[in-house]
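A.B. asks: Line by line, the protein sequences are chains U and W. Following numbering that gives the first Met the number 0, the numbering of the first sequence begins with 0 at its first residue and continues without gaps. Following numbering that gives the first Met the number 0, the numbering of the second sequence begins with 0 at its first residue and continues without gaps.
Misleading hints may appear alongside valid ones.
Stated by the list, open to error - The following label-pair restraints were derived from C-beta to C-beta distances:
| # | chain 1 | residue 1 | chain 2 | residue 2 | range |
| --- | --- | --- | --- | --- | --- |
| 1 | W | L219 | U | E2 | 23 to 31 Å |
| 2 | W | S48 | U | M0 | 51 to 59 Å |
| 3 | U | L201 | W | A155 | 49 to 57 Å |
| 4 | U | A202 | W | M200 | 51 to 59 Å |
| 5 | U | R1 | W | C41 | 48 to 56 Å |
| 6 | W | K339 | U | R108 | 39 to 47 Å |
| 7 | U | D114 | W | G247 | 54 to 62 Å |
Worth flagging that the hints you see were computed from the coordinates, not collected in a lab. From the three backbone atoms N, C-alpha and C, an ideal C-beta is built for every residue, glycine too.
2 protein chains.
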Amino acid sequence: MRELDSQAIAAAAERQAGLTKPAGSLGELERLGEQLSGIAACCPPPIPSRPLVVVAAGDHGVIAEGVTPWPQEVTGQMVDNFLAGGAAINVLARVVGADVVVVDAGVNRPQPERDGLAILKVGRLTGNIRIEPAMSRDEAAELVDRGRRLAEERAAGGVDLLVTGDMGIGNTTPSAAIVSYVTGRSPQEVTGRGTGIGDEMLAHKVAVIADAVGRCDPSLDGLGIASQLGGYEIAVLAGVMLGGAGAGVPVIVDGVISLAAALVAYRIEPLVRGYLVAGHRSMEPGASAALEFLGLRPLLDLNLRLGEGSGGVLAVPLVKAAAGILAEMATFDSAGVSEK
Amino acid sequence: MRELDSQAIAAAAERQAGLTKPAGSLGELERLGEQLSGIAACCPPPIPSRPLVVVAAGDHGVIAEGVTPWPQEVTGQMVDNFLAGGAAINVLARVVGADVVVVDAGVNRPQPERDGLAILKVGRLTGNIRIEPAMSRDEAAELVDRGRRLAEERAAGGVDLLVTGDMGIGNTTPSAAIVSYVTGRSPQEVTGRGTGIGDEMLAHKVAVIADAVGRCDPSLDGLGIASQLGGYEIAVLAGVMLGGAGAGVPVIVDGVISLAAALVAYRIEPLVRGYLVAGHRSMEPGASAALEFLGLRPLLDLNLRLGEGSGGVLAVPLVKAAAGILAEMATFDSAGVSEK
């Protein structure tokens with residue numbers, strides 16, 4: 000993985016200044032255009048035409064603690080829903096012209112092979128992170144590696160923009176634990192209501208997360224974090240980010256689960272940060288804590304808290320727009336427009 | 000123009016609750032889906048497939064007061080740029096799959112007929128609103144009517160989503176004046192730096208706007224406001240909103256110029272408000288004042304201050320997404336997904 004190309008970033012800033020618009024008037028799109036130029040190591044950067052959403056699904060042993068009102072079987076049922084095209088992420092991906100690949104990163108049921116599904120699992124249910132590691136270090140390393148190879152293969156096949164999404168009943172619990180562990184914020188600060196839980200369950204969830212984080216050695220590296228706190232889909236998504244970045248592909252991250260994966264990826268390779276685009280600001284408090292830690296400013300803020308990559312995929316047109324501005328807009332000179 | 004259909008809105012809220020997602024987890028998209036259902040008077044509402052950006056251009060006599068560093072000729076030069084496809088709005092419209100029609104609402108130069116251009120002008124330069132009306136009441140009525148008919152004709156031709164955009168050197172001045180007049184906020188509160196002016200010019204601009212507003216009878220109706228404070232493109236855009244709403248087409252409004260037009264339209268027919276979707280929060284303070292007055296919550300907040308409909312058109316995918324969710328997502332029942 001290489002650092003963003005500072006010459007391309009400077010060229011983008013210079014080009015923005017000559018385009019037929021008041022200086023700086025495209026706000027965040029200009030900043031994003033500079034980042035895309037740095038990633039592509041050229042200005043203008045290519046306009047992404049083959050976006051792919053990777054929706055990784057996994058199950059979580061910690062739900063034995065009662066941190067969610069949803070039954071575990073929903074994870075697998077939603078995998079079926081994704082493959083049938085009926086979930087929110089399918090609708091939103093169609094709207095923005097993105098493909099979807101579903102990853103079984105560790106769903107707790109037998110999984111027949113089907114079109115649109117990549118089965119990358121090494122286990123079916125993580126350990127209960129309140130009392131034990133989510134998985135072994137070898138399993139975490141293997142999942143990160145499988146996610147990385149998936150992204151590399153897709154990039155080699157022409158995918159030029161990745162979006163990370165997740166499905167996993169209970170997965171805001173490991174995500175908040177990772178955010179708390181990496182950012183140093185208290186479990187209370189970073190734990191939210193997930194899919195909608197009451198005050199009593201929330202207080203219990205905070206206690207479970209505090210125990211999970213408290214169990215961890217304070218000097219864990221990225222794989223250690225994924226191993227101790229989980230989950231399977233988070234490890235795969237961290238790998239997807241590393242693989243995408245390594246292949247020079249921008250990666251739009253979704254909400255708190257994707258951001259927990261981003262923290263794991265960042266602990267493995269800090270350079271990955273430059274390749275990440277924050278799609279939206281999830282309502283989960285852990286998302287904002289992770290965004291701040293990573294120095295990412297989200298493009299959208301629509302009070303979403305669904306996961307699946309729903310908030311990430313909605314940012315795809317904005318990434319295309321930012322690249323398109325640099326690639327296709329006329330300059331004052333070329334259009335014969337007077338300057339002030 | 001009819002009120003939004005409350006039965007369709009209720010049906011949308013009920014449908015959202017049965018879709019395969021946690022209740023309320025799509026945030027603003029759910030609220031928008033209800034509005035679109037109310038506009039279409041059915042649930043699910045159609046997914047817009049023929050969005051059109053109307054970019055209305057006009058020139059402003061008030062620039063004689065020195066409220067902008069840009070020369071007036073830029074308005075016409077940018078019309079040429081729009082028609083050549085090299086402006087920001089062209090790039091962004093291509094990204095989201097929208098068409099663009101440019102309206103000469105009153106540009107201060109001869110205007111040959113060209114493809115993609117609608118010449119609706121009744122004059123070439125508004126009066127200097129610091130000391131005189133922008134145009135006669137008859138001219139204002141004629142421009143609103145021409146804008147209305149343009150929208151009606153396009154809707155009859157299949158356009159199912161409108162976006163309003165503007166071009167006009169100096170047009171943040173009449174816009175801020177209208178916002179101040181209608182909302183009752185002081186000129187200082189609602190006047191911004193437009194395309195980027197310094198402190199001295201800003202203070203002068205506030206004084207010019209205060210004089211313009213102070214000149215007006217306090218009981219002006221919508222046409223009176225457009226006549227006294229201008230501008231040509233604002234009158235046309237007010238008509239576009241009224242025509243779109245009358246034809247049952249949602250209208251995405253852009254920044255402060257479009258919002259000033261929305262205030263004029265609202266003073267002509269308050270029901271228009273239900274058909275408006277705020278595309279983004281412009282950096283101009285008058286935009287936020289108008290949004291609050293109209294009770295509109297913007298979808299995007301990207302620090303844009305360009306105009307042309309740039310912030311509006313970026314919201315097109317979000318409108319499609321909101322309709323798509325209602326039209327295409329599976330329910331818990333249909334997908335066989337367990338509920339909590």
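A.B. asks: Does each hint hold? Answer for all of them.
C.D. replies: Verification of the hints:
{"no.": "1", "hint": "W:L219 x U:E2: 23 to 31 Å", "verdict": "59 Å, violated"}
{"no.": "2", "hint": "W:S48 x U:M0: 51 to 59 Å", "verdict": "40 Å, violated"}
{"no.": "3", "hint": "U:L201 x W:A155: 49 to 57 Å", "verdict": "53 Å, holds"}
{"no.": "4", "hint": "U:A202 x W:M200: 51 to 59 Å", "verdict": "55 Å, holds"}
{"no.": "5", "hint": "U:R1 x W:C41: 48 to 56 Å", "verdict": "53 Å, holds"}
{"no.": "6", "hint": "W:K339 x U:R108: 39 to 47 Å", "verdict": "19 Å, violated"}
{"no.": "7", "hint": "U:D114 x W:G247: 54 to 62 Å", "verdict": "40 Å, violated"}
Violated hints, in rising order: 1, 2, 6 and 7; the structure is consistent with all others.
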